[in-house]
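So the protein sequences, as listed, match chains A and B. The first sequence begins at 1 in my numbering and counts up by one. The second sequence begins at 1 in my numbering and counts up by one.
Just so you know, these hints were derived from the structure itself, not from any lab. Everything numeric in this text was worked out from a predicted model, so none of it was measured. Ideal Cβ placement from N, Cα and C applies to all residues, glycine included.
Ranges of calculated distance between the beta carbons of each label pair, as one might list FRET restraints:
| no. | chain 1 | residue 1 | chain 2 | residue 2 | range |
| --- | --- | --- | --- | --- | --- |
| 1 | A | P178 | B | H146 | 17 to 23 Å |
| 2 | B | N177 | A | K184 | 18 to 24 Å |
| 3 | A | A160 | B | R21 | 44 to 50 Å |
| 4 | B | Q59 | A | E60 | 45 to 51 Å |
| 5 | A | S134 | B | D43 | 44 to 50 Å |
Number of protein chains: 2
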Amino acid sequence: MVTTNSSVNNGVNVEALIAAREALTQAPQAAQFKWRAACEWKDGTHSHSTVESFFGLGQEQHRKKTFAFDADHPEVFASEDHGATPVEYVLVGLASCLTAGIAAVAQHRKLQLRSVKATIEGDMDLQGILGIDSDVRNGFDGIRVHFSIDADAKREDIEALVAQSQKRSAVFDIVTNPTNVTVKVN
Amino acid sequence: MVTTNSSVNNGVNVEALIAAREALTQAPQAAQFKWRAACEWKDGTHSHSTVESFFGLGQEQHRKKTFAFDADHPEVFASEDHGATPVEYVLVGLASCLTAGIAAVAQHRKLQLRSVKATIEGDMDLQGILGIDSDVRNGFDGIRVHFSIDADAKREDIEALVAQSQKRSAVFDIVTNPTNVTVKVN
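Extracted from the complex, chain A is given alone in its bound form (with noise of 0.2 Å):
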C-alpha cells in the first residue's frame, strides 16, 4: 500500500528543486556556492556574529535580512552565558539541516508530516579542551539524534525518511567527515 495523495503538503517545493537539480546539472559552475559569517569579539570569550551574503548561482546572493547571533561560554565556566556556546551552535546546525531534509524527502515520497522533533545531545570531555590529558580530543565524543515523527506513514518509511535525510545532509556530512580548515591572520 503506497499512499500516494497529491494534496500532500509539507512546504517544500519540491517541483522547484528538481528543476534546480535539472539545470544545475547542465550547468555545474552554478552550483558552486560560497556560504559565509562574521565574527567580532565583544568582551571574554562573547562574541556577535552575523549572517547575511553568499554566494551562488554564479553570482553575489544578498538576503532581505543579516541574521544575528551571540556566543559565549556559560557561567560555570567564569564566563557570562551571553548567548549559545559555540558547540551547541553546531548542535543546533545539525539538528536543523536533518530537519529540512525530513521535510524535503517527506514532500519528494508524498508523505504528510504532522510533527517532527528532535532533541541532540554530544558529549564531551572537558579534559580535551583544558589541555588535561593531551589523548581527550577537544570536540565531541560521540552525538545522539533523537527523532519524534508523527506522520501519515508506516514506522519503517518514517525511518526511511530519516535516514535519507542523513545520507544527503550537508552538516550530517561536515561533522561526521573531515574538513580541511584554514586559518590565517591578515
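Using the hints provided, position chain B relative to the given structure of chain A.
Chain B alone, transformed into the frame defined by chain A:
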C-alpha cells in the same frame, strides 16, 4: 621583550579557568559534559531550535534563559529564508569558538586585545546535496577563516595566539576530524 603587564584585561577570568583545570584534574568525572539542543519543524525547511540545559560538573545545569534559533534555506532554494541555513550555523560555531579561544589565550599570555574580527567562508558544490554527482560530498570542500586582530603584541605573538586557539578549539576539532553521530527514531 616580553610584555608582562598585570593590568591586561580581555574579560576572561583565567584564574578561574586554571582553578577549574586543577579541580578537574583531581576529579575527571566532573569533566564529563553533555551539550544539547532541541529542534522543532515549523514548515517546509524552516525549523526552530532551543538551547538551555546541559550536564556538567556532575549535575544538570540550567541557564537563566533559553537561546532560540530559526533555521531555513534561502529563497534561491525556493524556501522562505526564515533563518540562517544549517551550514551557516556551523560557520558561526567555528568562528566564535576560535574567537573565544583567542581571548582566553591572550589573557593567559598577558596580551591586551583591542579588537578581533573574523570572516569565515566555506565552499560547497551543490551537486553533492542535490544528488547530481555521487563523487561530490554534501558538506564543505574547505573552509577559510581570516582574522584581523588589533592587540598590544607583535605579529608573531598574534599568530601564535591564533595557532594556540586552533589547537584547543572544540569546534575546530569537530569540523576537521570525524565524530560519530547516531540518529534514531523514537
